[in-house]
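Asks: Protein chains in written order, with this note's numbering: chain A, 94 to 387; chain B, 1290 to 1882.
Treat each hint with caution, since some may be false.
[Claimed, not checked] Derived lysine-lysine pairs resembling DSS-like cross-links, with alpha carbons at most 25 Å apart:
hint, chain 1, residue 1, chain 2, residue 2
1, B, Lys1753, B, Lys1792
2, B, Lys1635, B, Lys1656
3, B, Lys1656, B, Lys1608
4, A, Lys358, B, Lys1370
5, A, Lys117, B, Lys1792
6, B, Lys1656, B, Lys1617
7, B, Lys1792, B, Lys1758
8, A, Lys117, B, Lys1635
9, B, Lys1635, B, Lys1554
Note that these hints are calculated values from the structure, not bench results.
Now for the letters of each chain:
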Amino acid sequence: MSNYLSELENHSIFILREAYAHFKELCMLWSMGKDSTVLLWLTRKAFLGHVPFPLVHIDTGYKIPEMITYRDRLTREWRLPMVVGMNEAALLEKNTFPDGQVDRLTCCRLLKTDALTRTLNGQGRRMRFNHETSRYEEERNPTPYNGVIVGARADEEGSRSKERIFSPRDAQNEWHVAGQPPEFWGQFNTDYPPGTHVRIHPLLDWTELNIWEYIEREHIPTVSLYYNQGSGRRYRSLGCYPCTFPVESEARTVSDIIAELRDGKFARIAERSGRAQDKDDGGSLETLRREGYM
Amino acid sequence: MNPTQAERLMVAFVGHVDHGKSTVLGRLLADGGLLPDGKLQQIADYCERNARPFEYAFLIDALSDERSQNITIDAARVFFKTPRRHYEMIDAPGHIEFIRNMITGAARADAAVLVMDAQEGVQENSRRHGYLLHLLGVRQVIVIINKMDLVDFNPERFEILKETFCGYLESVGVQAHAVIPVSAREGDQVVNRGLHMPWYTGPTLLECLDHLSKPAEAAELPFRMAVQDIYRFTRFGDGRRIIAGQVSSGRLEQGDELIFYPSEKRARVRSLETFPSGGRESVESGEPVSLVLEPQIYLRRGELAAHPQHPPITGDRLKVSLLWLGQKPLHQGQTCLLKLGTSRVKARLQTVMRVFDSADVLHGMEKSQVESNEIAECVLELNRPLAFDCAEDFTDTRRFVLVDNYQICGGGIILENLPSAENSWLRSTVAQRGQKWVGGRLTMETRAERYGQTPCLVIITGRKGLGRKRLAAALETRLFNDGGLVYYMGIGSLRAGVDADLKQSQDPEERREHIRRMAEVAHLFLDAGMILIVTAVELSHADLQIIHTVTGADMTRVVWVGEKTTDLNEDLWLPDDIDDAEAAAQQVQNWLA
Chain A
94 MSNYLSELEN
104 HSIFILREAY
114 AHFKELCMLW
124 SMGKDSTVLL
134 WLTRKAFLGH
144 VPFPLVHIDT
154 GYKIPEMITY
164 RDRLTREWRL
174 PMVVGMNEAA
184 LLEKNTFPDG
194 QVDRLTCCRL
204 LKTDALTRTL
214 NGQGRRMRFN
224 HETSRYEEER
234 NPTPYNGVIV
244 GARADEEGSR
254 SKERIFSPRD
264 AQNEWHVAGQ
274 PPEFWGQFNT
284 DYPPGTHVRI
294 HPLLDWTELN
304 IWEYIEREHI
314 PTVSLYYNQG
324 SGRRYRSLGC
334 YPCTFPVESE
344 ARTVSDIIAE
354 LRDGKFARIA
364 ERSGRAQDKD
374 DGGSLETLRR
384 EGYM
Chain B
1290 MNPTQAERLM
1300 VAFVGHVDHG
1310 KSTVLGRLLA
1320 DGGLLPDGKL
1330 QQIADYCERN
1340 ARPFEYAFLI
1350 DALSDERSQN
1360 ITIDAARVFF
1370 KTPRRHYEMI
1380 DAPGHIEFIR
1390 NMITGAARAD
1400 AAVLVMDAQE
1410 GVQENSRRHG
1420 YLLHLLGVRQ
1430 VIVIINKMDL
1440 VDFNPERFEI
1450 LKETFCGYLE
1460 SVGVQAHAVI
1470 PVSAREGDQV
1480 VNRGLHMPWY
1490 TGPTLLECLD
1500 HLSKPAEAAE
1510 LPFRMAVQDI
1520 YRFTRFGDGR
1530 RIIAGQVSSG
1540 RLEQGDELIF
1550 YPSEKRARVR
1560 SLETFPSGGR
1570 ESVESGEPVS
1580 LVLEPQIYLR
1590 RGELAAHPQH
1600 PPITGDRLKV
1610 SLLWLGQKPL
1620 HQGQTCLLKL
1630 GTSRVKARLQ
1640 TVMRVFDSAD
1650 VLHGMEKSQV
1660 ESNEIAECVL
1670 ELNRPLAFDC
1680 AEDFTDTRRF
1690 VLVDNYQICG
1700 GGIILENLPS
1710 AENSWLRSTV
1720 AQRGQKWVGG
1730 RLTMETRAER
1740 YGQTPCLVII
1750 TGRKGLGRKR
1760 LAAALETRLF
1770 NDGGLVYYMG
1780 IGSLRAGVDA
1790 DLKQSQDPEE
1800 RREHIRRMAE
1810 VAHLFLDAGM
1820 ILIVTAVELS
1830 HADLQIIHTV
1840 TGADMTRVVW
1850 VGEKTTDLNE
1860 DLWLPDDIDD
1870 AEAAAQQVQN
1880 WLA
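Starting from the given sequences, assemble the full structure and let the hints guide the process.
Replies: Encoded structure:
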């Protein structure tokens, strides 16, 4: 089988298995978007139907409701080890952009980056889905995760194309772009000093089109927001509802989306064009990423 | 053409800094009509806001701090497709201090475009990159003589550069696929022919790329698969014991007989599992594997699976060609972690044989270290045997990386398996210990004379449950009562203390380390003039070799109890189980005297 979807799949499975072999406290970020859902599917393939590490979702409280419904449906159906983290303090104090107290970038920093950092290092509250009671319950004695699997793709945006597959973060959760160790011949930087953690990017080589082609090939269930359900609009990229906007599109199915990306109206328009926080200033996404944003 | 069947080719752009790699790549994307709509405008806006002239290189150098420095600092990737195939272009930085990033980019490539400045000609990095491509195994190289506009599109200048550089590339084992005169600024010979060089009739860069072929699959080689992990998901109600890996070469079929190296354990492939379920009958190079074996032998990550008729090489002294990327030089005698496939061993730099320097020759000068960014032929000593291949066609089983201080800081290929000096690794450790030894005024001999005994290590071994420990305790008491300075050291006492940081497993490396530490502790007792009694389960010849290396061969007395199960040559054999510990202890005491 020599086609490039299989090549991508093979490589990603290899990376996932390397991550699992090296990190005791491993987790995977699942945003319910198409990329991390493909990652979840690849994980089930790599581990013969199982997901042997927690899936972490950072809930900003402003996610489009369909996303949460979809998350909990798949969690039940696939018996996923689901963990949810949140910046409860910022939400309580209404320190958010929708509440009009901070700008978009600061809002991202508080509700996503800070919530993520605290969920990963175990200082923030982790709510874990209990399959017996079918409810989210607070995790007792959370231990810091030292390996975090993320669905970032190199083609999304300039700064992501600089990423390594195994990318070390220091104790402050920061990314040092220029000083990165090399990574070659399928050998990754799996050793790391105490107090630091490693981000793992199994989808770095995938493009937006590859993701959809793979979803079609594998029949992976995706959230309905990606499809035009009669309004002539659909989401191309999912996020918080105050800052993510649908695009005009007639695509009702996965193959419609593929056609649109391959040689239709989106063949030459950047994916994150519907994300407002990328536009506030020139290097904003890179600034966020250095601080630990995904 | 069905796009999901399309071929995908990875091409690295390399070359000396400022010779215009990014500009060539930017021009390729722009003239090829390959840019997404937002991208060009985004950069144009940026340039306008910051009052800078627009450059194609900005497209690639997407990070803000790099735009200000006008260089590319990491292997950025660009994806695009032509009617012929899909491409992933990797822009590898030219600055010497960024060679680590160049490696990261180029090592994944199926082909490389080496960009050279027509005015400046061959520079240090042009040469180095040529040699690196060879080391990294990139065989298809297109050479671009860029900035032809700066030499008035002069065909003679082009011919001279072409001849010089191709000659050099051939000398390091790289055959240039094509040499193209280009002006990326004017757009000549990248996608369009341009008007300035009618004398050039060869292909443009894009035509040339489309003519490259994907390197041959490794499916024809002997089967190799490194064990990545062993899965047993019993907590999810899954009782299968699965050996996970990825085929690095060859083919595997259900029912095949496999040998795992270096342990040489054998098993048959009962099934090739998949999710969603259904299973496979065969797998080939590049594919992930989930094996169920028959019988279910004990394996660990790091073993290399092969068919019995095509075994890999096993050895612990290697001649290698390596590239060192550490901040500080790699010294003779220095130890790093070596990773090959999924195995990890400690490697010590024994000898630096030849160093490749920027003056482009491998010279034979005596050196005791490899400097940062140098390539050298060296001898590495490993702390335990490793399974690998030397033949040119193999990739994963021939290439290794070196890890120092948590980071990959070098890599290379194995050239040759050298004859092993048995336990040479341990020997050097013991020699170092000898040099660093801090003693008082008294020697072992003085003590032994005073105590009236010959210090020795009595090892009681054999299968479990035959009374070895009762014998050891009885022997200790008898020797003590006769005035001896004697101590019985139970293995349990060591495991919970000295060995508390080790895993309590049957992993060969762990076992070696348990034994080494036991021997080092014994060495202290012996130096103190005492008789030490220890028990060990089924000691092998190799285990005893370790002990001998650490304590000295003449210091041990080995007693085997019960049926012989290993290749060990004991000093005293007690063929029966220990019923009467006192009688057996007396027998041993008499023998010791």
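Asks: Just to be careful, I want the Cα atoms of Lys1635 of chain B and Lys1656 of chain B compared with a cutoff of 25 Å; is the pair within it?
Replies: 22 Å, holds
Asks: Is Lys1656 of chain B close enough to Lys1608 of chain B, meaning Cα to Cα at most 25 Å?
Replies: Since the Cα atoms of Lys1656 of chain B and Lys1608 of chain B sit roughly 16 Å apart, the hinted pair holds (cutoff 25 Å).
Asks: Is the hinted pair Lys1753 of chain B and Lys1792 of chain B satisfied, with a Cα-Cα distance of at most 25 Å?
Replies: 20 Å, holds
Asks: Do the alpha carbons of Lys117 of chain A and Lys1635 of chain B lie within 25 Å of each other, as the hint requires?
Replies: Holds. Lys117 of chain A to Lys1635 of chain B sits at ~22 Å (cutoff 25 Å).
Asks: Take the C-alpha atoms of Lys1656 of chain B and Lys1617 of chain B, compute the straight-line distance between them, and say whether it is at most 25 Å.
Replies: 15 Å, holds
Asks: Does Lys1370 of chain B sit within 25 Å of Lys358 of chain A, going by the straight-line distance between their CA atoms?
Replies: Holds, at roughly 17 Å.
Asks: Is the straight-line distance between the alpha-carbon of Lys117 of chain A and that of Lys1792 of chain B 25 Å or less?
Replies: It holds: about 15 Å lies between the C-alpha atoms, which stays within 25 Å.
Asks: Take a quick look at whether Lys1635 of chain B and Lys1554 of chain B sit within 25 Å of each other, Cα to Cα.
Replies: 23 Å, holds
Asks: Given the hint that Lys1792 of chain B pairs with Lys1758 of chain B, does the C-alpha gap stay at or below 25 Å?
Replies: With a Cα-Cα distance of about 23 Å, the restraint between Lys1792 of chain B and Lys1758 of chain B holds, given a limit of 25 Å.
The structure meets every hint from the earlier list without exception.
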